[in-house]
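Novice: Sequence lines, in order, name chains Z and U. Residues in the first sequence are numbered consecutively from 1, following the working numbering. Residues in the second sequence are numbered consecutively from 1, following the working numbering.
Treat the hints loosely; a few may be bogus.
[Said to hold, decoys possible] To give an idea of the chain Z side of the interface with chain U (calculated C-beta under 7 Å), a few residues: (1) P7; (2) D13; (3) L53; (4) I67; (5) L78; (6) A81; (7) D87; (8) L104; (9) I120; (10) V123; (11) A126; (12) G132; (13) F325.
[What the hints assert, rightly or not] Derived DSBU-like pairs (lysine-lysine); straight-line CA-CA distance at most 35 Å: (14) U:K6 <-> U:K86; (15) U:K73 <-> Z:K208; (16) U:K6 <-> Z:K55.
[To be verified] Simulated restraints, written as ranges between beta carbons of each label pair: (17) U:D242 <-> Z:T166: 53 to 63 Å; (18) U:H384 <-> Z:Q441: 44 to 54 Å; (19) Z:K73 <-> U:P109: 36 to 46 Å; (20) U:D275 <-> Z:R70: 41 to 51 Å; (21) U:S50 <-> Z:N108: 34 to 44 Å; (22) Z:E348 <-> U:S50: 27 to 37 Å; (23) Z:Q441 <-> U:S418: 19 to 29 Å.
Quick caveat, the hints were computed from the structure, so don't treat them as lab data. For every residue, glycine included, the Cβ atom is placed at its ideal position computed from N, Cα and C.
Number of protein chains: 2
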Amino acid sequence: MAISTKPPSGMRDFLPAELARRRYVVNTIQQTYEKYGFVPVETPSIENLSTLLGKYGDEGDQLLFRILHRRDKLARALESAEVGEKDLSDLGLRYDLTVPLARLIANNPELPKFFKRYQIQPVWRADRPGRGRFREFWQCDVDITGSKSLIAEAEVCSAVAEVLLTLGFSNFEIHLNHRQLLKCLIKAAGIALDSEAQTLVAVDKLDKIGLEGVEKELEQRGINQTQTQALLNLIQRPCGIDETGELQRLKEALSGDAEATAAIAQLGELCKLLDSSKASGHYSVDASLARGLGYYTGPIFEIRSSDFSGSLGGGGRYDGLIGMFKGSEIPAVGFSIGFERLLLVLEEKGLFGKIDCGPDVVICHFDDVADSAVIEAANSMREHGVKVEIFPETPKLGKQIGYAESIGVTWVAIMGASEAAEKVLSLKNLASGEQHTLSYQDAATRILNK
Amino acid sequence: MAISTKPPSGMRDFLPAELARRRYVVNTIQQTYEKYGFVPVETPSIENLSTLLGKYGDEGDQLLFRILHRRDKLARALESAEVGEKDLSDLGLRYDLTVPLARLIANNPELPKFFKRYQIQPVWRADRPGRGRFREFWQCDVDITGSKSLIAEAEVCSAVAEVLLTLGFSNFEIHLNHRQLLKCLIKAAGIALDSEAQTLVAVDKLDKIGLEGVEKELEQRGINQTQTQALLNLIQRPCGIDETGELQRLKEALSGDAEATAAIAQLGELCKLLDSSKASGHYSVDASLARGLGYYTGPIFEIRSSDFSGSLGGGGRYDGLIGMFKGSEIPAVGFSIGFERLLLVLEEKGLFGKIDCGPDVVICHFDDVADSAVIEAANSMREHGVKVEIFPETPKLGKQIGYAESIGVTWVAIMGASEAAEKVLSLKNLASGEQHTLSYQDAATRILNK
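Next comes chain Z alone, as it looks inside the complex (with noise of 0.2 Å):
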């Protein structure tokens, strides 16, 4: 009996044509970051369950990929009475890279006062699968850590927005709000602050249930009608207002709560600072943005576009979280870009070109030529830098032609006795059926220059 040969549930394979689609996105976001001053770290996919429990709520902890104890470790495990999840694994698979993020810089003292740093690796999250979400998937993160400036953020939301530019994609918005002035406004609608937490996910679903989902989920976690009506009317945006005109109503709304004006100003002089830089025109203060993780302090920030239902990446400013690992506070901003959404959404827009996968020339060959003659051509060409396929086997002429045809390839090189004799090959492009018996290093500069 054969095995299943399918990837498990929510897992990919990914097949050169796919793969290259997605290095092509991967490599544009590095560079963009790179110019930015930004420096890459890796994080091992395996975090001690002590790293990431508690970091992500309680849903979070549920979906964390637990590693089974091995050998004496999971026998001495299972001799026990109550045998339960957290006697048999003390190890996860990494869920963001947020949190490693923090261990890491608190392991490493060395590191530069302000660190700019990128990663880009998959995450595991066992989630329902469905559709543009998987069990593994990719996150592109952007984080300052060291500093409390707002030239932080707006550098981070200048990268995420240039990346997208650089890509094509232009129609998305940064949504951004503070948590500061979220609180206030919970404050001021007259909800009880413990009840604040509970409120920031309900209103954090604004987007995905509307606002009457959001009315009830807030009647269900106890808070009255007038309390919501208050908080609605205060975290909506009315029609036609521009960022100043929406600053100042908040500001208004707020006017003798000095943690709101603080706020508030923060959020004008950020919007000022993204004029000058790539996110200019493409950003809107949103009071409605809660973001889900509880560990942001300041600023958070969210991608929408029209293009894509739910957010195509967010960050946020997170003061307290690497002291959860250090002791010492050491404040950061980030933002995350949501890779499979924003490969999704280039996709359906059609902003791939074409992207080049594979080799430039199949070397078809026939049985009266030496195989190290043929091996010896190919290299020749591979030395002036042309990608060669050479075919293994020797049947006849047109069946080889077939197979190059087959993998999309532009030239085949023919080589016959008298070709060998002579060290050259006869090259034919497939397209336009010419053809020139020309030396291994004429062909190759042909090839190159198409």
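Given the coordinates of chain Z, assemble chain U onto it according to the supplied hints.
Specialist: Here is chain U on its own, set in the frame of chain Z:
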């Protein structure tokens, strides 16, 4: 209490300078493989245990990282009377790149008949960590499926040799042997066929434990002294003998054995092909080479170097493995480079040149300059291709320049109020001390020309 900040045992964080070296090697490998017409694939980190188990021998199965069941599935498993490893998991982490390739080939019948793929991804093994030995490490594989032609063997050997030579490393030799030849040698030594696998395992350790060690192992495995001596005499190459002489010696020792004669003829033909390839001068016939894994069926290879004890990579022909997934047989041959070991050798031999990493310039600014003006200057230089970091705060200039020096950057660009007013920068070379006032564009040009 702060949480532990170290990665788990056998796992590593990669900081920018080390990651830059790793990427340089990966890029060299990719570019070389692509010149040979190989195309990339990637497979998921998590595979079904049914895919992995029984392919790597008992020891391999023991070293798999298994994923713990979750929720209901875990609860149900823990309810049963005798709970064991197999009840708690049906997923495991990728252990090598060959078995996933075999699954992928079987799962994608639309792939070209001759599929030349390369794959560079991490694998995980719960091995005891040691020098150059990790629990998460990278493999770089090339494989050609669909052909029994020796051109396939020659192409993978040539590609791997070219990788090493391109990296500046020439002190290596690809040892060649043939599984059928080994089998005939074992038979000729009088060892029973059902001890073949055991014998191969012992011989495979020759490199590590020496002749005496192998003698002892063989004795423990029930091979008598006469047989052991006969085998060791057969597989050891006499001093000062060339490839032709060694093949002749083996042919004579096994004369009359048709299978041996065919295998020796194949090795002879392969040597001829390698003479026309990049592996020319970098191979030798070695009848003592065994390779641990059970699935090889034809020629086998291993990279050895006097600069490294142990193997830097290896491979061979495995015509049966894909059939385990597909039901019908598809021949295949592959070669895998041990990435971490290669890196270790390159480092020890000083073969890494200066690899750039990090920004070209840090912008230092005074607090009477608007942050938006600084961002504008940065983005202008970035548009010309310069990697620019903005110092995010405005302490005294000496402190800002000190930071730039500490991260090893060559240039700083200083912006005071007068520079900002005229949209210029005071560009200073930290190595030479020279300083010029330049427009953003001229500063960019100066930096890029060094």
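Novice: For every hint, state whether the structure bears it out.
Specialist: These are the hints, each one checked on the structure:
no. : hint                          : verdict
1   : P7                            : holds (5 Å)
2   : D13                           : holds (5 Å)
3   : L53                           : violated (9 Å)
4   : I67                           : holds (5 Å)
5   : L78                           : holds (6 Å)
6   : A81                           : violated (12 Å)
7   : D87                           : violated (10 Å)
8   : L104                          : holds (5 Å)
9   : I120                          : violated (11 Å)
10  : V123                          : violated (10 Å)
11  : A126                          : holds (6 Å)
12  : G132                          : violated (16 Å)
13  : F325                          : holds (5 Å)
14  : U:K6 <-> U:K86                : holds (30 Å)
15  : U:K73 <-> Z:K208              : holds (30 Å)
16  : U:K6 <-> Z:K55                : holds (17 Å)
17  : U:D242 <-> Z:T166: 53 to 63 Å : holds (57 Å)
18  : U:H384 <-> Z:Q441: 44 to 54 Å : violated (36 Å)
19  : Z:K73 <-> U:P109: 36 to 46 Å  : holds (42 Å)
20  : U:D275 <-> Z:R70: 41 to 51 Å  : holds (47 Å)
21  : U:S50 <-> Z:N108: 34 to 44 Å  : holds (40 Å)
22  : Z:E348 <-> U:S50: 27 to 37 Å  : holds (35 Å)
23  : Z:Q441 <-> U:S418: 19 to 29 Å : violated (58 Å)
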